[in-house]
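Given next are the chains, with one letter for each unit.
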Amino acid sequence: MKIHNTRGGRIFDAANYVFLALIGIITLLPFVYVFAGSFATEAEITRRAFFVWPEQFSLGSYEYIFSTPAFIRALVTTVLVTAVGTLVQLIFTVTMAYPLAKRNLRGRKLILSLVVFAMVFSGGMIPTFLLVKDLGLLNNYWALILPAAINPFSLIIIKNFFQELPAELEESAKMDGATEIGILWRILLPLSKPVLATFALFYAVGIWNDFMSPLLYLSDNSKWTLQMYLRQVTAASDLLGTGNADPAYIPPEQGIKFAVIVVATLPILIFYPFLQKHFAKGMLIGSVKG
Amino acid sequence: MSQLTDALASDIATGDGAASGKAKKPAKAPKTKRGKLSVHIAHYKWLYVLLLPGVIYFAVFRYAPMYGVSIAFKEYVPFLGVNGSPWVGFQHFQDFFSNPDFPRLLGNTLILAALNLLVAFPLTIILALLLNEVRLSILKRTVQTLVYIPHFLSWTIVASLSFLLFALDIGPLFQFINGVLGTDIDILSDPNWFRPLIVLQEIWKNTGWGTIIFLAALSTVDQDQYEAAIIDGAGRFRRVWHITLPGIRSTIIVMLILAIGQMLNTGFEQIYLMTNALNRSVADVFDTYVYFVGITQGAYSYSTAVGLFKSVVGIVLIFGTNWLAKRFNQSGLF
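Keeping their order, the protein sequence lines are chains A and B. The opening residue of the first sequence carries number 1171 in the working numbering; numbering runs sequentially from there. The opening residue of the second sequence carries number 9 in the working numbering; numbering runs sequentially from there.
With the rest of the complex left out, here is chain B:
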């Protein structure tokens, strides 16, 4: 999922990719409309041959599952297949909304998403601003090198590190936290510690990496404005507030829209790895619920309906935020 965010972020930030390919087209393709299709294909047959594996890949592994979503409206029977299974309309959605799990899942998902958005997102910007103020390039580069590393580690490693650091009795952070609080809490299984732990992991893993895009934006802020501001007597913080932040405003908004669009994608791997029997009440989110109900219990249709509900809400969130951003006269995504 984070790859998708990265992908979209860069693609949208560049304003490049497919969209610009289309935009440039009229200038460079005068011959497209001439000649018969069969002649065209015969002429470029090797290109079409090369295209084939990729097209098959997209048809099979990307578009067939999209078609497979239709089982959310069916009663999927394995030996009848996606096509043969009988339609049941919105039955699975009704079951889900009337299920007592629903409010809990929605709450857990939204709370984790909101915490990540309210804590991790601003921290990324603050870290980028602080790094941007560093003129000692050795320090800047060293810190950047170090804080990018965790992004490349798997969630399994992050979870394992957490298990060691917060291990009951012997973990260094267990001892530290319980020493400070003067109590004895098992951080790994206490439901009250689940959310802080998830946000902490997210911060450790991705805050540094997230600064890349903001640092790139910061490097484009007009330097003359700073000199003008200094002449006008603006101090360090006023310069950041009045020049730097407005200078990267559009990047912040684009990243915020993307983050909100990804809100419900609370990261299956991370949550799954940190879930245990004791913290399940706060740990269950849509993604892990789909896994437990769908894969381990075999309720394929029902869990597909849950997944579809989540995707639709995600898309509504993206368009909604984008609309809001435009209403407040900021540059939106599209």
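Same shape as in the complex, but just chain A:
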């Protein structure tokens, strides 16, 4: 679009550019500060108000956290739960989405309505907690995975995606003698790799970041995930009465907090470019009616 730009327009543009650049920088600054702080010495953190580069480079904070069994355990647990949980969510979602994509399947309409209803209404925290408790899943890592095994919204998106793949593909495969499961496995899944990768990333981020489920379901602190560990380390020492401050989780120094935050953030930042490549497309397929 060519617009004849007036002087006022140019001033607005300049101001707008500067303002937006500032917004971008402000968003980024907390990360830079924490990253720099995680490599600084304790003395520097308490002495300097704000810095984006440590005067004296130190790995002390990381050495400390990686020598703490509680931290290692939380990290390993979180990685495993995230990996298994993502796989479970993908399998559950795909196996359900595929039959629901078949327009002539009986009962499909009813199941879809029930799925949509579950999107709007839920039992809430306490009934879900009691269910998990009755299933004997308290202090069990499956409690972090199973209750969220299918996200109704993702299910519907993946179902729609399957539905829009050309029907001829399936028909010709059927003529060649492929079973339903064979079609799903050999034809649909390879075609949906990008979509599934996108959802896998979103699922993984969700599980990695989950704080509420471990808080509700894991009372045994030897089973804590990274988010629980992080919360205990950063909140325990300087906030009164935030919770049961277990001495094992109170870091001796300020710098430790910086390092734990970096470790909890890093995987997200590493995967972010992949997420970003897909989310606009994946989440907003034809989103605005216009």
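By construction, these hints were calculated from the structure, which means they are not laboratory data. Quick caveat, the model's predicted, so the values are computed rather than measured. Don't be surprised by glycine CBs; every beta carbon is placed ideally from N, CA and C. Not one of these hints is a red herring.
A few chain A residues that don't get close to chain B, going by computed Cβ distances all over 12 Å:
#1 1225
#2 1226
#3 1238
#4 1246
#5 1249
#6 1393
Per the computed footprint, the stretches of chain B lying under chain A, defined by three or more beta-carbons under 8 Å from a beta-carbon of chain A, are:
#7 60-72
#8 175-183
#9 273-287
#10 290-303
#11 306-315
With a straight-line cut-off of 30 Å between C-alpha atoms, the simulated DSBU-like cross-links for lysine-lysine are:
#12 A:1272 <-> B:53
#13 A:1344 <-> B:53
#14 A:1344 <-> A:1279
#15 B:44 <-> A:1279
#16 A:1447 <-> B:148
#17 A:1279 <-> B:334
#18 A:1279 <-> A:1363
#19 A:1272 <-> B:44
#20 B:53 <-> A:1279
#21 A:1272 <-> A:1363
#22 A:1344 <-> B:44
#23 A:1344 <-> A:1272
#24 A:1303 <-> A:1393
#25 A:1344 <-> A:1363
#26 B:53 <-> A:1363
#27 A:1447 <-> A:1363
Once you've looked at the hints, dock chain B against the given chain A.
Chain B alone, transformed into the frame defined by chain A:
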């Protein structure tokens, strides 16, 4: 919760999903009604087998808790279970409404929700409009990339960052704010700072991400209208006011209805993480109250009643706003 909002937003914005699946059906499923059900199931047995885990999931983890809500009207006794526990009618609701906690919780929840709605929501639209005015695509894309990031971080990380930045005496923002005010306030535990802090976190985490849907809407605004407006001598701001904003009006209304419907869901994780002994008077909201009373004190029935009350009000708010939007001759949600 935010996932639900996102989900609904996209689903409703696309007008797609289950609803359109139903709408398209008559055209493509001529054979559905023929044949016996048993024949149909035998023919498609593998599809039904594949469907099974998902159906079990929904029955167990989504619908069983909905049934479990009935304990709000019972006196739940763990060893009797949901079915065996005796009915008490509306006892728990009466207890809650006559509890002195009730007005405080309602107030805290509504104030936080209103602040988010009045501050964070318009900021999202303003940021989207400003980004939309950028023609330098490198700058636009860089800023977008940066402001989307916080959405993907956990509330634990956001809270931890706040603890560091506002830490008593040594936090950079503590020093800055107290330097400006010339006083000595512990921002993290002063009740007066709780609400600004929550709104600030919400803005930092989600404003950028929220622009996605508005930017998508903005890209569909008819470009010819701008040229016509320029010929008519409309300046930059008049064009935004008379063309851009009306162009995304329906998106704004849909997002507003969704935001209002989610009003009472003040974000359990965020508030829980920022609550401490000193700010509890302003920090307690329905969600955290349900947790403290239900999970930590074991008052299951009572806290389920509180949660149910909250859901019902939320649904009334959604339908109410939708009705209002339609009355003012705008496109509603449904």
